[in-house]
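Colleague: Throw the hints in and build the complete structure from the sequences for me.
In order, the protein sequences belong to chains A and B.
According to our numbering, the stretch in the first sequence is residues 1 to 278, in order.
According to our numbering, the stretch in the second sequence is residues 1001 to 1130, in order.
Hints are computed from structural coordinates only; laboratory data are not their basis.
Take these hints with a grain of salt, some might be off.
Here are the computed lysine to any residue pairs in the SDA-like style, where the Cα-Cα straight-line distance is at most 25 Å [claimed, not checked]:
(1) A:196 with B:1020
(2) A:159 with B:1118
(3) A:159 with B:1108
(4) A:159 with B:1020
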Amino acid sequence: MNVLELSALVGLISVAAGFLGALTGLGGGVVITPAMVLLLGIDLHYAMGAALVSVIATSSGAAAAYVREGFSNIRIGMFLEIATTLGAVCGALAASRISPGVLGVIFGGVLLHAAYVSLRGHPELPPGREDDRLATGLRLNGSYPTPQGPESYKVIHVKTGFGLMFVAGALSGLLGIGSGALKVLAMDRAMRIPFKVSTTTSNFMIGVTAAASAGVYLSRGFIDPGLSMPVMLGVLSGSLLGARMLPGAPTVILRRVFAAVVFTLAVEMIYNGVAGRL
Amino acid sequence: MRNVNRTPLSDQQFDEIIGGLLRYGVTLAAGVVLAGGIWYLMQHGTAAPAYHIFRAEPEYLRHLRGIVSGIPGFHARRVIQLGLLLLIATPVARVAFSVWAFFQLRDRTYVAITLFVLVVLLFSLFSGRV
Chain A
1 MNVLELSALV GLISVAAGFL GALTGLGGGV VITPAMVLLL GIDLHYAMGA ALVSVIATSS
61 GAAAAYVREG FSNIRIGMFL EIATTLGAVC GALAASRISP GVLGVIFGGV LLHAAYVSLR
121 GHPELPPGRE DDRLATGLRL NGSYPTPQGP ESYKVIHVKT GFGLMFVAGA LSGLLGIGSG
181 ALKVLAMDRA MRIPFKVSTT TSNFMIGVTA AASAGVYLSR GFIDPGLSMP VMLGVLSGSL
241 LGARMLPGAP TVILRRVFAA VVFTLAVEMI YNGVAGRL
Chain B
1001 MRNVNRTPLS DQQFDEIIGG LLRYGVTLAA GVVLAGGIWY LMQHGTAAPA YHIFRAEPEY
1061 LRHLRGIVSG IPGFHARRVI QLGLLLLIAT PVARVAFSVW AFFQLRDRTY VAITLFVLVV
1121 LLFSLFSGRV
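Modeller: Structure representation (structure tokens):
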């Protein structure tokens, strides 16, 4: 296989990942790395570098579309980015010291969680009612537009959310992923921020978190231009296509397909990591 | 975005600037990557790829000065890398813009928070020297 053929193949996988990621709302970044490693035998570090770059592209592209709708809360995003960017730099610095086998097993664990989230869906939790002193001091409480007019919300468990965000950032830097699922978990489950606000604010944060890891990846030599090029262009066009086809797409079936793909990749990653084949 | 309504900028202007910044940043980066990519495939399309074993990228592809110095000669791999740098710079520019917006609001807490995030980002970008 020569460079042209490999680029075409990587590009096709990336279009598919970006497309499915946009349709299921789970982001395609998390499946590209294992697909490149397991199907094409690409080294884990190069695959992580290329996937991380594509995460920035989709996050910025999607955020440009969401920003007008008024769902995202810039104060929550900025405050939590202290945790995610610090975590990301630590994770990225650790990534070059941890053996590929161990990284593979951690990656498999994150994939298992992603598969679980995509199947479980989102039972709505009761919103926070009591006042959290940190949330009031930092003016994190806000409101978002609904068909019945603006709906206000209170943010609780700020410290727990902040801690979870550090973990999300560290995993993002360690594995070259957006870790959107974990960010939403911290905001939606712990801090009780309404789901729509959590997802759009998470999207806003993913690009900034990934940029914090990207500098370290670049200087460690993880980002190869020849490999990142088809991944970035593929994921970007796939996700734009997916976003356009989203209205009317059979999301329930798609989420099941996505969960099955992710579950298979998770098992393979863990198996190969334990067997020392990464 | 709803919270930023005491600025000289209206909410809508703020959103439009951020939206435009992100859109143009990504489009520009994708254009540069595409141009460098086509050139790269024309030059090296028939070569054998070597991604199976990790050998960190050469020094000139790892920091700003090395990447920029290859632009006059239209060195394909450095042109792609420049496009990727532009992409990485897009969220950084967004944070920098937020520092300015909170400064306009005289919101000291959030000027400090956004500045801190900006410093972490710049530290990461320049951790491998300029």
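Colleague: Each hint: holds or not?
Modeller: Results of checking the hints against the structure:
1. This hinted pair checks out: residue 196 of chain A and residue 1020 of chain B have alpha carbons roughly 22 Å apart, not beyond 25 Å.
2. Restraint check: the Cα-Cα separation between residue 159 of chain A and residue 1118 of chain B comes to about 22 Å, which is no more than 25 Å; the hinted pair holds.
3. For the suggested pair residue 159 of chain A and residue 1108 of chain B, the alpha carbons sit about 21 Å apart, so the restraint of at most 25 Å is met.
4. With a C-alpha separation of about 33 Å, the suggested pair residue 159 of chain A and residue 1020 of chain B falls outside the 25 Å cut-off, and the hint is violated.
The structure is inconsistent with hint 4 alone, although it conforms to all the rest.
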